[in-house]
Amino acid sequence: MKRYLVLIAYEPGDWEHVDEDTRQEVFTAHRAFEAHVAEHGEKVAGAALGDADTATTLRGPERTVTDGPFVESVEQVGGYYDVRLPDLDTAIAAARLLPASYTVEIRPVVGVEGYDEA
Amino acid sequence: MAARKAPLLVVDADPEGGAGVMADPGDLVEDDVLRLVLMCCHPALGPEVASALALRLVVGVSTADIARLFLVPEPTMAARITRGKKKIAAAGIPFTVPAADDLPSRLRVVAQTAYLAFTAGYAPGSGPDLLRADLAGEAVRLVRVTLAVRPDEAVLRALLALVLLQHSRRDARVGADGSLVLLPDQDRSRWHRGEVDEAVRVLAGLGPSADLLTESYRLQALIAAEHALAPAAADTRWDRICAAYDALARVSPSPMVRLAAAVAVAERDDPAAGLAALDGLDAELPGSHRLPAVRGELLARLGDDRAAIAALDEAIRLCGNEVERAHLIERRDGLASD
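Protein chains in written order, with the working numbering: chain A, 1 to 118; chain B, 119 to 456.
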């Protein structure tokens with residue numbers, strides 16, 4: 001099994017403006033994703049995140065605290081799943097089940113030698 | 119999945135028949151060939167990384183030769199191949215045949231990857247072009263290897279016909295002095311007849327396809343076949359070529375297709391009709407030397423030498439390739455001295 005972080009990006013503010021039907025479609029898509037993950041592996045964690053305008057960033061040797069995310073862009077990370085799946089194709093198949101309005105990035109989670117013992 | 123080391127295949131391609139795939143050490147079954155091709159041509163790899171990996175691991179081409187094909191220094195190519203292998207291991211790209219639903223789209227990526235490698239051999243370079251055209255033959259082998267395990271795949275058959283027809287002209291397109299020889303001026307006896315015949319046989323078994331990529335390859339192959347089958351340039355069936363370009367423009371619209379179609383219209387009708395067909399292309403092909411080169415040629419045929427020279431001057435200014443540039447300069451100087 002490999003472990004992947006599935007990062008979800010969408011345009012901020014989208015969620016407040018969607019109607020009830022669309023909300024239900026999004027929920028259905030996430031349930032399909034979770035079912036696919038459960039069938040082929042397991043979900044370690046997952047959550048939706050507050051909009052990027054609620055983010056706080058620490059940067060530089062002075063640990064300067066600033067308002068906003070790492071990078072300002074049209075699409076912002078709005079949620080994630082941490083999953084264990086057999087391979088990238090399974091992860092891609094799962095990610096295809098998420099709402100088509102998302103941009104989804106799949107990142108392998110790596111162990112850091114000398115730090116992780118498990 | 120753990121980083122599984124991909125086997126290195128050695129392929130013995132017979133230009134007249136199917137490719138024979140030999141395994142090293144000798145126990146690879148056909149499914150393994152398909153797995154390996156699909157792993158190297160995974161859409162999660164960049165197209166240039168994928169084509170290099172496929173040539174290296176599937177066809178067994180040396181890193182030095184792949185570097186020459188893609189016009190990059192050998193260490194750059196070695197790093198590119200290493201990066202590809204690392205991504206396969208780190209991202210968990212599997213050594214498997216995907217589900218039946220996904221296979222057609224994955225095989226389209228294989229076709230695109232092979233075609234990218236093939237066209238690299240014909241990309242203008244400063245090195246000796248003939249040598250690189252021979253390396254493009256390695257991409258033809260990649261298509262054959264994949265076809266050997268998926269013989270009914272229309273996208274691969276259409277691509278095989280297309281690359282065979284383009285490749286069959288390799289010896290005739292460069293003159294003894296290294297200059298570019300355009301299609302109408304090529305010595306047709308130097309075209310590889312066996313490759314043309316094979317491509318025509320493959321094309322005969324292919325009907326129109328609903329898949330856009332397959333149909334685009336098929337139509338381009340049909341156009342190339344019209345050239346290949348004309349006994350002399352004057353015998354070319356431009357009416358059929360124009361019809362194929364019209365169909366191609368619907369399947370895969372692009373300014374380069376429109377430019378090629380305009381040339382065909384000029385040949386079928388007259389230079390004025392060709393010039394009219396160039397209208398509106400300037401905005402879509404900014405910075406391309408090919409548009410003013412075609413315009414200059416058509417103006418010259420209409421007898422408007424002054425406008426032709428101006429267009430050729432622009433083409434010469436924009437052209438980055440030595441061989442093509444030399445050809446344009448020769449054409450302009452011929453007009454200027456009249």
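Any given hint might turn out to be false.
[Unchecked claim] Taking lysine-lysine pairs in the DSBU-like style, the calculated list, with each CA pair at most 35 Å apart, reads:
#1 B/Lys203 x A/Lys43
#2 A/Lys43 x B/Lys205
#3 A/Lys43 x B/Lys204
[To be verified] Negatives, chain A to chain B, calculated, CB over 10 Å:
#4 His17
#5 Ala29
#6 His30
#7 His36
#8 Val65
#9 Glu72
#10 Gly78
#11 Gly79
#12 Asp87
#13 Leu88
#14 Asp89
#15 Ala91
#16 Ala93
#17 Val110
#18 Glu113
#19 Asp116
Keep in mind the hints are simulated off the structure, nothing from the lab.
Backbone N, C-alpha and C fix where the C-beta goes; we use that ideal spot for every residue, glycine too.
To see whether the hints hold, each was checked on the structure:
1. For the proposed pair B/Lys203 and A/Lys43, the alpha carbon gap of about 27 Å is at most 35 Å, so the pair holds.
2. Taken as a hint, the A/Lys43 and B/Lys205 pair is honoured in the structure, with Cα atoms around 23 Å apart against an allowance of 35 Å.
3. For the given pair, A/Lys43 sits about 25 Å from B/Lys204 by alpha-carbon distance, which is consistent with the 35 Å threshold.
4. Distance check for A/His17 against chain B: the nearest CB is about 33 Å away, which clears 10 Å, and the non-interface claim stands.
5. Every C-beta of chain B lies more than 10 Å from that of A/Ala29, the closest at about 18 Å, which supports listing it as non-interface.
6. Residue placement check: A/His30 keeps its beta carbon more than 10 Å from all beta carbons of chain B (closest about 22 Å).
7. No beta-carbon of chain B is positioned within 10 Å of the beta-carbon of A/His36; the least distance is around 12 Å.
8. Remark: the non-interface label on A/Val65 is consistent with the geometry, its nearest Cβ contact in chain B lying 33 Å away (cut-off 10 Å).
9. Annotated as non-interface, A/Glu72 keeps its C-beta farther than 10 Å from every C-beta of chain B; the closest such distance is 26 Å.
10. No beta-carbon of chain B is positioned within 10 Å of the beta-carbon of A/Gly78; the least distance is around 23 Å.
11. No beta-carbon of chain B comes within 10 Å of the beta-carbon of A/Gly79; the shortest separation is about 21 Å.
12. Not every C-beta of chain B lies more than 10 Å from that of A/Asp87, the closest at about 4 Å, which undercuts listing it as non-interface.
13. A cut-off of 10 Å between C-beta atoms contradicts the statement that A/Leu88 is not in contact with chain B; the least separation is 5 Å.
14. Some Cβ of chain B comes within 10 Å of the Cβ of A/Asp89; the nearest lies about 5 Å off, and the non-interface call is violated.
15. Not every C-beta of chain B lies more than 10 Å from that of A/Ala91, the closest at about 7 Å, which undercuts listing it as non-interface.
16. Consistency note on A/Ala93: stated as away from chain B, yet its beta-carbon is not over 10 Å from all of that chain's, at 8 Å minimum.
17. With 10 Å as the threshold on Cβ separation, the claim that A/Val110 sits away from chain B is violated: the shortest Cβ distance comes to roughly 7 Å.
18. Separation of A/Glu113 from chain B is adequate, the least Cβ-Cβ distance of about 14 Å exceeding the 10 Å criterion.
19. The Cβ of A/Asp116 sits about 16 Å from the closest Cβ of chain B, beyond the 10 Å cut-off, so the non-interface label holds.
Hint compliance for this structure: hints 12, 13, 14, 15, 16 and 17 are broken, all remaining hints hold.
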